[in-house]
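There are 4 protein chains.
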Amino acid sequence: MIKVGVMGATGYTGVEMVRVLLGHPKIEITFVTSEKNAGASFSAVFPAFQGIFDQTLISSEQASLHSSASVVFLCLPHHSSMKAAAEWRQKAVKVIDLSADFRLKSAQEYEEWYGKHEFPELLSQAVYGLPELYREKIKNADLVANPGCYPTSAALALAPLIQKKLVHLESIIVDSKSGVSGAGRSAEVANLFSEVNEGFKAYKVASHRHTPEIEQTLSDLAGEKVRITFTPHLVPMDRGIFTTVYATPTQKIKTSELTQAFQEFYQGEKFIRIESMGRYPNTREVRATNFCDLACVVDERAGRIIVLSVIDNLTKGAAGQALQNFNLMMGLEETMGLKLLPHVP
Amino acid sequence: MIKVGVMGATGYTGVEMVRVLLGHPKIEITFVTSEKNAGASFSAVFPAFQGIFDQTLISSEQASLHSSASVVFLCLPHHSSMKAAAEWRQKAVKVIDLSADFRLKSAQEYEEWYGKHEFPELLSQAVYGLPELYREKIKNADLVANPGCYPTSAALALAPLIQKKLVHLESIIVDSKSGVSGAGRSAEVANLFSEVNEGFKAYKVASHRHTPEIEQTLSDLAGEKVRITFTPHLVPMDRGIFTTVYATPTQKIKTSELTQAFQEFYQGEKFIRIESMGRYPNTREVRATNFCDLACVVDERAGRIIVLSVIDNLTKGAAGQALQNFNLMMGLEETMGLKLLPHVP
Amino acid sequence: MIKVGVMGATGYTGVEMVRVLLGHPKIEITFVTSEKNAGASFSAVFPAFQGIFDQTLISSEQASLHSSASVVFLCLPHHSSMKAAAEWRQKAVKVIDLSADFRLKSAQEYEEWYGKHEFPELLSQAVYGLPELYREKIKNADLVANPGCYPTSAALALAPLIQKKLVHLESIIVDSKSGVSGAGRSAEVANLFSEVNEGFKAYKVASHRHTPEIEQTLSDLAGEKVRITFTPHLVPMDRGIFTTVYATPTQKIKTSELTQAFQEFYQGEKFIRIESMGRYPNTREVRATNFCDLACVVDERAGRIIVLSVIDNLTKGAAGQALQNFNLMMGLEETMGLKLLPHVP
Amino acid sequence: MIKVGVMGATGYTGVEMVRVLLGHPKIEITFVTSEKNAGASFSAVFPAFQGIFDQTLISSEQASLHSSASVVFLCLPHHSSMKAAAEWRQKAVKVIDLSADFRLKSAQEYEEWYGKHEFPELLSQAVYGLPELYREKIKNADLVANPGCYPTSAALALAPLIQKKLVHLESIIVDSKSGVSGAGRSAEVANLFSEVNEGFKAYKVASHRHTPEIEQTLSDLAGEKVRITFTPHLVPMDRGIFTTVYATPTQKIKTSELTQAFQEFYQGEKFIRIESMGRYPNTREVRATNFCDLACVVDERAGRIIVLSVIDNLTKGAAGQALQNFNLMMGLEETMGLKLLPHVP
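Protein chains in written order, with the numbering used here: chain F, 1 to 345; chain A, 1 to 345; chain R, 1 to 345; chain C, 1 to 345.
So that you can see chain F by itself, here it is in the shape it has in the complex:
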């Protein structure tokens, strides 16, 4: 059994991390941390886990004294995360960081969007953990920067278009819609049930921190700087991201051809499902699983390519992808512990 720890286990990303780890046949969770709930059991905070996972939550300080974990998953806020990562790396423990702290390659760009980076020297060691694009690098990584939820949905929708030079780079628009769990588990009036329910809104229009992360991946694929327009919206539901991507085609193309191009690009990928022509995805259909479902449409009337992309923000958009990265880093079967069965409804 491989021993792992989870820091920040009582946020929504943390509890999802615990869920997928518990389903993995080769993993033993040696510690789970929470500053606020240290001393309580995990199942006291999340009673759904009573009798399933009753381990006592410890503080991060106590965790740092643990020497037995081989891999640590960081489900901490940015800035806290980079400090923890540096500490664990010093002890030669592998780190999968689910925060934003190691996603941007440039310390300067990080500073623009998140504030000063205190461990810029670690940035070059970090590998961006999107397996469908960077599988080989991840296999050899000791520090993985697990992608953001929006960037995962957007990059998987756009990668085939860019790699195959099917769209004009300056024409890309990413219109995303997220469930409320993406806003986290801290007490804020704006996220109360009676504030969110029965409403739909946009937020951080053209100014969301995931913008540079999406652009970094696209630029890497394009070999040149790509700038996009990104608008996130909030949907009154718990889980799921739906991303609608728009771009102008570089050549005449049909929906069937585009669909085929996607099927080729993602051939053999276990967590990517390309919808057949005329079928569109629904966030419900990937809920609590590690799938990303994609559909392609060419709007021939208006001359535009549309790609629809859905993931569960907490699974493929966070903890599931982290476990996928773990499997790659450990040389295990990539799908181990991730054949998650969906429930309907």
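Calculated from the structure, these hints are not laboratory results.
Any given hint might turn out to be false.
The list treats identical chains as interchangeable, and a pair is accepted whether it falls inside one copy or across any two copies.
Straight-line Cα separation of at most 20 Å, SDA-like style, residue types lysine to any residue; simulated pairs [what the hints assert, rightly or not]: (1) Lys204 / Val45; (2) Lys204 / Met277; (3) Lys225 / Arg301; (4) Lys270 / Asp54; (5) Lys94 / Lys137; (6) Lys165 / Leu221; (7) Lys3 / Val93; (8) Lys270 / Ala44.
For chain F, the structure is supplied; the task is to place chains A, R and C on it using the hints.
Showing chains A, R and C alone in chain F's frame:
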């Protein structure tokens, strides 16, 4: 008191029509029709109205014998609606048609999207009932084609951009998100609670029937044919449409300037609210009211204009706008019966 | 116009109070207070009210300097409310208190459930504002204790049973289910969307503070001490209370007879609707209105009476009832400003 | 591998049956039936299963020709189910029937509530599949009548009270609240999203067909006829049943003692979790798992026992319990395939 009738009173548009009519001080409802529920009282179908509006529903055939209504509101499916409109017009009764039957000027375009039009001669008499753009024509109309919900939200977001030539016409994308009441009140598995709840999906991507209606209004404003990309999505909530419009600016412009252009364009409009810079609308904030709230953002990094537009699909997107048109046609104060107070939450 | 003030206008009860006051033809709101948002406009906190009610929120201190209000509505937390009430009464301003501070007649009982009462001398002056039971007293009151939401739904369901001696007093069970707005508008993890949505729970079982309030009304009607079992539950929806009352009948009775007894008891009441036999109420059907809908069932197999009662917790359960009390105190038509039209859906 | 078939695989019970079967290590699904969707793949009906379970749906007629299944799960409507059961039993195939057809021991009682029973001779062979009460009988059964969802939640809450003679039998009230999936997957206006959302209602008050089923189990435990009052309600959420049970104690008892009595009664049960004193369950906490969570409260003021019981109506209330019965019938570990991990939120 002005006597009016409502045909198709037991769909969601119909019941909303009744709600707003009951709040109008100069209107008396003389009949409400329903083929399926004829003989039952309106409040037997919608018990919320017990003691408020208990009138007996009659069949359309019975209604056609009524001679006392001066204006009839048609909340019927398309095709049924055109027949009813023709009949009422023959009796010189004014008609406000909430279906799609008289929205498109061209019988040929109607045929492409909806099937054959049986009363093409009436198309030229019909006035498109978007008061903010066609107020003067509506005042003299006998047959008003009440706009669709998506087209209302899109046209109001785009009109200032096009009239002021701020955007390239071929760059327009309309990404809309609608509450479930937009799907109507007929029994379909796809619209069951447990199918829709906790999910988000797109439908009729680049092929929705509201596309030509949006384009017709934009083309009219532009003085040339405009083609757009339109993607509708379904939000797990009862009411509301959120439309995110994207376009490429023809000149450098700032968010503040764009916001000011909108304020000027809609100066004096009672049902349009322009959000101040940095504030974005929410469908909840217009629920059950006749407002359209708009916000402007310029994405200077990517060179793009974004306009956010929210309405209640059943009020400003249907029955509220119909009553606004009624007021104009009757020479009444435009806001009469429409100063609807919002509830929070 | 009668000048009124609202203290605590930015909670859910406060904003609902403002909504119903704005619809009243003889009321002018002279001030609205909020400690946290003083200086901001009401519509900055609740953007749904932009252009409708943009008055600046003031602090309670500033409000106390106002001399023009004839009536003040207190939408404050308990304890804060009693102080404000005492102050306004000293200035001979009439007070309608929506908190729990003046509902219990006994200072000792108040202390058991809420803590020490600082103005016990005011308790005897306060009139319990349930118009259907205490209409005449309310007409002459200067200080009205507006009932709690659960107590309103329970008392209206039980009053006919007790007054007509139809049930054994020791057999009464009140099983209530409330929408989330009843939990208030303060930032708490437990009330976040992703904590409440898609779940159903009980809370404060047999220990909720509304228990003595319900018992006080029932005891008053019975002429002897009544003790009940009361269980509140939380429903994932914004508004509404559904109360299911159980009791053992003192004599053989049929559903039709019980329904008739209720119709007689509530004869002439404008805000009580008795469902016909076999129809059961739904919280949706009273949403944002001042109605209480009631249905009676006799379970002849098991020998038990069941009464179903629904109200909107913020309207008949708070602000609507407060306005009804206002109308009575001012000698106005009881329904003035309260003929609220429901929307479907 | 044990070969099994599922009849009626495209209702909510059917798809949940498939989900739990797919997670069982010793089961192979040999057929899934659907009259309406025969010929289509299971994943065409439920796209969440694309790439996971793409088996073609067949008609019941085709299925009856299959000879390889050892056990068949019937997720059919009542009446259809009894015919299928009789057929499979004739071929010596074991049957787990999730309909109501074999739950009631008395053909006469069945007729009163459901209509005529065509195979009364099979009733005596059927074993009521509530493992916590009838485990030994289930082990030897060839035909298991899987309990209804409400009866499961009620019987597990009441069994300790009755077996230990803690309550007066004539005092029992069962107030249940169910998610919408309990209403099934057929197209009905009453179950549309916009009819159910944001509302709470009761239905079939004191007349629901699950009443005799609950009474049968309680009478069996009590050794005498027990009659209860049962009220089902509908909660705007997908999954979950919350049952609040009330009864009058036969002796003075404290919450701690009652809790201990429950712990003793359910000692060693893997799917029953007794909440510690002061903690109440939530349907979310058992979602998509096979748990039944129970909490005990004694209302000492009013002299009443309250038990709170939650299950997932589709899992412990249907398919999960069916699989638990399967394990018992096959001599397998009772929890095999049922250690389902919950997701939060």
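Is the C-alpha distance from Lys94 to Lys137 at most 20 Å within one copy, between copies, in both cases, or in neither? within (14 Å within a copy, 52 Å between copies)
Up to 20 Å between alpha-carbons, please classify Lys204 paired with Val45: within, between, both or neither. between (31 Å within a copy, 19 Å between copies)
Between the shortest in-copy and the shortest cross-copy C-alpha distance, which are at most 20 Å for Lys225 and Arg301: within, between, both, or neither? Only across copies: Lys225 and Arg301 sit 12 Å apart there, 29 Å inside one copy, limit 20 Å.
Under a CA distance limit of 20 Å, which applies to Lys270 and Ala44: within one copy, between copies, both, or neither? Between copies only: 19 Å across chains, 35 Å inside a chain, cut-off 20 Å.
Using 20 Å as the alpha-carbon threshold, which applies to Lys204 and Met277: within, between, both, or neither? Only across copies: Lys204 and Met277 sit 12 Å apart there, 33 Å inside one copy, limit 20 Å.
Could you figure out if Lys270 and Asp54 sit no more than 20 Å apart (CA to CA) within one copy, between two copies, both or neither? between (32 Å within a copy, 15 Å between copies)
Copy assignment of Lys3 with Val93, given that the CA separation must stay at most 20 Å: Classified as within: same-chain Cα gap 11 Å, cross-chain 46 Å, threshold 20 Å.
If the cutoff is 20 Å on CA atoms, where do Lys165 and Leu221 land: within, between, both or neither? Let me know, please. within (10 Å within a copy, 35 Å between copies)
Of the numbered hints stated above, none is contradicted by the structure.
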